[in-house]
Amino acid sequence: MKRAPAPPEPSVPDGTLVYAVGDIHGRSDCLETVFERIDADPRRADADRHVEVYLGDYVDRGPDTRGVIDMLIARRAAREVVTLCGNHERVMQTVLADPGALPNWVQFGGLATMASYGVAATPPRDAADLMARRAEWLAVFPEAHARFLSELELSTTVGDYFFVHAGVRPGVDLADQREADLLWIRADFLNSKQWHGKMIVHGHTPVDIADFRDNRINIDTGACFSGKLTCLALWGRE
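With the numbering used here applied, the sequence shown has no gaps in its numbers, which climb one by one up to 238 at the end.
These aren't lab readings, by the way, just hints derived from the structure by calculation. Backbone N, C-alpha and C fix where the C-beta goes; we use that ideal spot for every residue, glycine too.
EDC-like, lysine to aspartate or glutamate: derived pairs with alpha carbons at most 20 Å apart: (1) Lys228 x Asp208; (2) Lys228 x Glu32; (3) Lys228 x Asp211.
FRET-style restraints, in silico, Cβ to Cβ: (4) Glu143 x Lys193: 44 to 52 Å; (5) Gly118 x Gly15: 39 to 47 Å; (6) Asp173 x Asp126: 42 to 50 Å.
Please take these sequences and the hints and turn them into a complete structure.
Printed below as a string of structure tokens:
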């Protein structure tokens, strides 16, 4: 399969200002700071279109999953906002439907998510205790949050940029990517120097600072542990 050559400098359409935000993981405080900085960006006055793309992993680990989802729902109602699905959202959806997935979710930071809805965050005594907590969580889980999860997208494209949670499978057209790769891939994508047809903007694999490569940009700076939530602004060829 022949790949399109990389553009000399990837760009977004004229007049379009794009903000991409990395993995949030329950850090509503960091998200509030990003909102404030986006709103204060002086370039907004010169743009005809403002697009915000959130790369997934809003839930788990950090203290305020519920607050993060509420903030994104409100933001999406008032602006052009694209909320992508991360692997943590997909696991959370599985737990909503299947109690058998609960132990795996606990390893992923699911206790912190349930705690943000008022459920005890202490380690469960046994399997029965864990199932009881799931039932308590389901009883208070808002329909609006279930709907938010169901509406998450796997990827989006603006200009020469392809936005996705984890990455893409090298050698596969962007239109033919599998969900498992878009949400979970690591080494095969991260180690590839191949041009994928677009500049890939992704999260999923934490780095200390945003990592700019010839074929991808990683903006997951581990907000849940570092307190650093990265927002990438794209304007013209900047």
